[in-house]
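Use these hints to put chains U and H onto chain D, whose structure you have.
Chains as they are written, first to last, in the working numbering: chain D, 1 to 332; chain U, 1 to 366; chain H, 1 to 338.
Possibly wrong hints are sitting among the right ones.
[To be verified] Only pairs whose alpha carbons sit at most 16 Å apart, straight line, appear in this in silico EDC-like list of lysine to aspartate or glutamate: (1) U/Lys60 to U/Glu20; (2) H/Lys127 to H/Asp151; (3) U/Lys172 to U/Glu183; (4) U/Lys364 to U/Glu239; (5) D/Lys218 to U/Asp137; (6) U/Lys363 to H/Asp264; (7) U/Lys364 to H/Asp264; (8) U/Lys363 to U/Asp281; (9) D/Lys37 to D/Glu217.
[Stated by the list, open to error] Computed Cβ-Cβ distance ranges for the label pairs, DEER-style: (10) H/Gln156 to D/Arg232: 41 to 47 Å; (11) H/Leu76 to D/Lys37: 49 to 55 Å; (12) H/Thr185 to U/Ile35: 51 to 57 Å.
It is worth saying that the hints were derived from the structure and are not from the lab. Just so you know, even glycine gets a beta-carbon here, dropped at the ideal spot from N, CA and C.
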Amino acid sequence: MSNGASGIDESIDAAEGISAEPVTQWDLFRTRLARHKQARIAAIFLALLFAIVFVAPFVTCAERDAYCGKLLEHPATQLRDPENGLLLVQNPPSTTRPFGTDDIGRDVLSRVIHGGRASLTVGLTTGLLVATVGTIVGALAGYYPGAVDQVLMRIVDVILGLPLLPVAIVFGSLVPQIPVLPAFLKEGAWVIAFLLGILLWGGLARIVRAEFLSLREKEFVEAARAAGSNDRRIIFRHILPNAMSPIIVATTLVVGTAIIIEAALSFLGFGVRPPTPTWGGMSAAGARVATKGFWWEFLASSSALVATVLAVNFMGDGLRDALDPTQTIERK
Amino acid sequence: MTTGKITEYVADGGPEDMPEDVLLRVNHLVKEFPIKRGIFFKSQVGAVQAVSDISFQVRKGETLGLVGESGCGKSTTARCVMRLLEPTEGQVYFRREREVATADGGTEVVSDVVDVASADAGTLRALRRQIQIVFQDPYASLNPRMTVAGIVSEPLIVHNVGTAQERLEKVKELLAVVGLSPEHTNRYPHEFSGGQRQRIGIARALALNPRFIVLDEPVSALDVSIQAQVLNLLQDLQEEYGLTYLFIAHDLSVVRHISDRVAVMYLGKIVEFAERDTLYDAPMHPYTHALLSAVPIPDPELERSRERIILEGDIPSPADPPPGCRFNTRCPIAVQGKCDVDEPLLTQMGEGHWVACHFPEVKKVF
Amino acid sequence: MSDVLLAVDDLRTYFATEEGVVRAVDGVSFTINRGERRGVVGESGSGKSVTAMSIMGLIEPPAGQIVTGAIDFDGLNLLELPEDEMRKVRGGRIAMIFQDPMTSLNPVYTIGQQLIETIVLHQNVSKSAAREIAAQSLADVQIPYPASRLDDFPHQFSGGMRQRVMIAMGLSCNPELLIADEPTTALDVTTQAQILDLMLALADDRGTSVLLITHDLGVVAGFCDTVQVMYAGGIVESGSASDIFYDPKHPYSWGLLGSMTRLDAAQMHRLNSVRGAPPSVINLPEGCRFRPRCDFALDVCRERLPLLGPSDVEGHTVACHRAAELDLKLVTSEGAPR
Numbered sequence: 001m002s003n004g005a006s007g008i009d010e011s012i013d014a015a016e017g018i019s020a021e022p023v024t025q026w027d028l029f030r031t032r033l034a035r036h037k038q039a040r041i042a043a044i045f046l047a048l049l050f051a052i053v054f055v056a057p058f059v060t061c062a063e064r065d066a067y068c069g070k071l072l073e074h075p076a077t078q079l080r081d082p083e084n085g086l087l088l089v090q091n092p093p094s095t096t097r098p099f100g101t102d103d104i105g106r107d108v109l110s111r112v113i114h115g116g117r118a119s120l121t122v123g124l125t126t127g128l129l130v131a132t133v134g135t136i137v138g139a140l141a142g143y144y145p146g147a148v149d150q151v152l153m154r155i156v157d158v159i160l161g162l163p164l165l166p167v168a169i170v171f172g173s174l175v176p177q178i179p180v181l182p183a184f185l186k187e188g189a190w191v192i193a194f195l196l197g198i199l200l201w202g203g204l205a206r207i208v209r210a211e212f213l214s215l216r217e218k219e220f221v222e223a224a225r226a227a228g229s230n231d232r233r234i235i236f237r238h239i240l241p242n243a244m245s246p247i248i249v250a251t252t253l254v255v256g257t258a259i260i261i262e263a264a265l266s267f268l269g270f271g272v273r274p275p276t277p278t279w280g281g282m283s284a285a286g287a288r289v290a291t292k293g294f295w296w297e298f299l300a301s302s303s304a305l306v307a308t309v310l311a312v313n314f315m316g317d318g319l320r321d322a323l324d325p326t327q328t329i330e331r332k
Numbered sequence: 001m002t003t004g005k006i007t008e009y010v011a012d013g014g015p016e017d018m019p020e021d022v023l024l025r026v027n028h029l030v031k032e033f034p035i036k037r038g039i040f041f042k043s044q045v046g047a048v049q050a051v052s053d054i055s056f057q058v059r060k061g062e063t064l065g066l067v068g069e070s071g072c073g074k075s076t077t078a079r080c081v082m083r084l085l086e087p088t089e090g091q092v093y094f095r096r097e098r099e100v101a102t103a104d105g106g107t108e109v110v111s112d113v114v115d116v117a118s119a120d121a122g123t124l125r126a127l128r129r130q131i132q133i134v135f136q137d138p139y140a141s142l143n144p145r146m147t148v149a150g151i152v153s154e155p156l157i158v159h160n161v162g163t164a165q166e167r168l169e170k171v172k173e174l175l176a177v178v179g180l181s182p183e184h185t186n187r188y189p190h191e192f193s194g195g196q197r198q199r200i201g202i203a204r205a206l207a208l209n210p211r212f213i214v215l216d217e218p219v220s221a222l223d224v225s226i227q228a229q230v231l232n233l234l235q236d237l238q239e240e241y242g243l244t245y246l247f248i249a250h251d252l253s254v255v256r257h258i259s260d261r262v263a264v265m266y267l268g269k270i271v272e273f274a275e276r277d278t279l280y281d282a283p284m285h286p287y288t289h290a291l292l293s294a295v296p297i298p299d300p301e302l303e304r305s306r307e308r309i310i311l312e313g314d315i316p317s318p319a320d321p322p323p324g325c326r327f328n329t330r331c332p333i334a335v336q337g338k339c340d341v342d343e344p345l346l347t348q349m350g351e352g353h354w355v356a357c358h359f360p361e362v363k364k365v366f
Numbered sequence: 001m002s003d004v005l006l007a008v009d010d011l012r013t014y015f016a017t018e019e020g021v022v023r024a025v026d027g028v029s030f031t032i033n034r035g036e037r038r039g040v041v042g043e044s045g046s047g048k049s050v051t052a053m054s055i056m057g058l059i060e061p062p063a064g065q066i067v068t069g070a071i072d073f074d075g076l077n078l079l080e081l082p083e084d085e086m087r088k089v090r091g092g093r094i095a096m097i098f099q100d101p102m103t104s105l106n107p108v109y110t111i112g113q114q115l116i117e118t119i120v121l122h123q124n125v126s127k128s129a130a131r132e133i134a135a136q137s138l139a140d141v142q143i144p145y146p147a148s149r150l151d152d153f154p155h156q157f158s159g160g161m162r163q164r165v166m167i168a169m170g171l172s173c174n175p176e177l178l179i180a181d182e183p184t185t186a187l188d189v190t191t192q193a194q195i196l197d198l199m200l201a202l203a204d205d206r207g208t209s210v211l212l213i214t215h216d217l218g219v220v221a222g223f224c225d226t227v228q229v230m231y232a233g234g235i236v237e238s239g240s241a242s243d244i245f246y247d248p249k250h251p252y253s254w255g256l257l258g259s260m261t262r263l264d265a266a267q268m269h270r271l272n273s274v275r276g277a278p279p280s281v282i283n284l285p286e287g288c289r290f291r292p293r294c295d296f297a298l299d300v301c302r303e304r305l306p307l308l309g310p311s312d313v314e315g316h317t318v319a320c321h322r323a324a325e326l327d328l329k330l331v332t333s334e335g336a337p338r
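Just chain D, with the same shape it has in the complex:
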């Protein structure tokens, strides 16, 4: 093709009005997310939490089951059992033990920190699994209406129809007994993470399917087809990037849900087994003694749980706003 069709005199003028610097989708996304105050705070909180939960235990000497070695160090804060007058090992918060100790004298702060690992492992692993399986199934169902769609969506219906807690409880106790599984999969947190991954992808698959159903009718997809692109290229290069926003947002919310369900299972005694600390398990233990005035273990572990889930959900809110294509700044 020779350069420059003749007579397009108004040509270069047609390029007027474009700003000097390219504004990428990423720029837009960052500006909008930065403007979302709750999401900003949530992001800082989550970053700190990650640092503390996954890094701090290696850097500091805080051990998971650190016992309060010198029980009598602070006699003033030492409590006695109101019934028999015996000294208790469960110390209230003090300067050396900011969250106090639990009923067998372990430092609650270090247990809350270690317990966060289970929660975050479950949240992130489940999120990753759900995003992968849900996206693939949803994409295939949305792009190939007909038999593929019918079969996949009936599977989704079954998955969504399963009663979550009973199934998780039953399989949670069965899975570790399967001999062929690698050892790490038999640890409490991982079992739950994979179980929840399998149980929670249905919702995301439906969202992705709906997204694909509408995107596949868009003219830019027809244009890709007219250019000769094959299905794989259309699905992954043309449609999927446009479906990322709902996938990211829905996944974030799944992370929050997974953390709560893990806590609930551990609270009920079906999740991660003691002595491995989890927020749910600590809340259960704390709740048993809270009525006797030993409130701090329950307060510390459940606050950590609530704060984390809130932060994750705020993050999801912020992402939704930042990624919402209807907010795209239109050039008028």
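Frame of chain D; chains U and H shown alone:
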């Protein structure tokens, strides 16, 4: 059924008798969309015939305008020609050009006729290099998550043309051709105005040096002054590269400006087909009369003195087209017992002028 | 009773957006007489719809704000009217028809319920009397079987029929001013002809003034007595329809007319298009806003914003520094004198 003989203008027939100067021949094209009911076991309860048995041909280097109101099947026709939709019946013959090896080790370009509608995947992919499309909506037709370079080079990547560096050069060249600055390759579509986006869409269509471009309402979404720029660009490109256009539009004045010949569609049928000036100056089908008389002309005196033919009612549903002539329910000159019983066939009324009406008459509408 | 029904004076409506302040309407003044049919032409972003919304009091703070200006409607200053008074004017004395009839009708109520609600709100009548008025207004817009169609829902009507319903709703209270914002843009051309003819006849019967906003110069040519051309938030030219169409004095109106493909014109090789694109309403150019696209611009056009002023023709005003010296009728697309 259209049973007219093969002529230079309206055609039905196979690939063997397709004249040398004809690039595209649409032969008895039908497109039905099934209507399905039921929740678990969907069963087909009927069909919408969006395009019912139309035939036409496009000559090399010309612009054929296909006009009609919404729901007349013009966009469906475009998508069947592109094979973005699978035609239910009929053929779309295209005269393709291919490089083939000769006995002495060189190559030569030979042309032969293939049916787009029944081509296998490999043939179709190769055909995509010669047939391209520009869409109506400059906002929906560009992938918002891709840069201009990505969008325009997509056809090149898919057909393995050149290296990454060569493709980028080609993209810059194409942007210059359509009147955009070559520096804008790393920008996203949302940074451009509607007219600029439509230019990007045109650049994409030109990337593979096609011979035939389907223009599906390419200017209807644009402001008037921008519309004129894009129309000028399309005409310049046609001249420069010897392109053949199938121009789909609902705006009859735009079609008059750009087309050499015009087909008017109503409810899935071609009702009139003629050279441009014949169609506008001496239209014969009552629907064409009404359509032309309804288009406003930017001239107050002429506009106020014109007689307007106001049609009664709305376009019937294509799921349940009226018997006989499809226009009979709204036609001012319909004759009961004839028009609602017999379907009029496209009949030659003059040099290249075909009309599907039992009572055709020339009427000037402005 | 004075002849002037509506007087808009130096209206400025701004919007705060993420990118900056959008000066959507920036210094617009015009009057509409009783019974006058006024066309407002302009491309997207010219401020024509925002002008209409400002008159209707539909600008929503805090994003949108009428910064200065006065809108005088038959002696009432609409900008200072309390909201409950304004509600009586809106839909009662001034009615508005929008582009998309599907979104302006509520899909969960029948046409009758929506019509009757409007009528009861603005006229002191009983429900049953309102129903009769509603049926009559559907009959006025030539909807067959009006009495029974009152009980149908919006989705049971076609696009053209829905726009008829909107007109019926707009005219049911005998407004003095009807604002129609692109009323036929979403419709097919044969339906557009039906709707325009209908609107013309009904407005004529009742002596209603009409403000017709459109991008289609052809529609204006057939329908309007007077025309104002808007560009980038301001009026660049205003006059009778024949002034604007046969003797445009602003290079933009002239360019716009030259850009139009015409049904009655055989093919010219090239359209006489206006180069470039409208400016961003956030970053308006200094001086004349049309200057970057204008073939006739001088240094003065860069320095000062031209104001709408009289020309040598009575009632024909234009905002161009060179209006007096340019004779655009003589300029062809090939030879634009610099």
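Hint-by-hint comparison with the structure:
1. For the proposed pair U/Lys60 and U/Glu20, the alpha carbon gap of about 9 Å is at most 16 Å, so the pair holds.
2. Simply put, H/Lys127 and H/Asp151 have alpha-carbon atoms about 14 Å apart, close enough for the 16 Å limit, and the pair holds.
3. For a cut-off of 16 Å, the pair hint linking U/Lys172 to U/Glu183 stands: about 7 Å separates their Cα positions.
4. Our distance criterion of 16 Å between C-alpha atoms is broken by U/Lys364 and U/Glu239, whose separation comes to about 32 Å.
5. Annotation: proposed proximity of D/Lys218 to U/Asp137 holds, straight-line Cα distance about 10 Å (limit 16 Å).
6. For the proposed pair U/Lys363 and H/Asp264, the alpha carbon gap of about 14 Å is at most 16 Å, so the pair holds.
7. Taking the CA atoms of U/Lys364 and H/Asp264, the gap is about 11 Å. The hint holds against a cut of 16 Å.
8. Our distance criterion of 16 Å between C-alpha atoms is met by U/Lys363 and U/Asp281, whose separation comes to about 8 Å.
9. For the proposed pair D/Lys37 and D/Glu217, the alpha carbon gap of about 36 Å is over 16 Å, so the pair is violated.
10. The given range of 41 to 47 Å is respected by H/Gln156 and D/Arg232, whose C-beta atoms sit roughly 44 Å from each other.
11. Our hint of 49 to 55 Å for H/Leu76 and D/Lys37 is violated, since their Cβ atoms are close to 43 Å apart.
12. Between H/Thr185 and U/Ile35 the beta carbon distance is about 30 Å. The supplied range of 51 to 57 Å is therefore violated.
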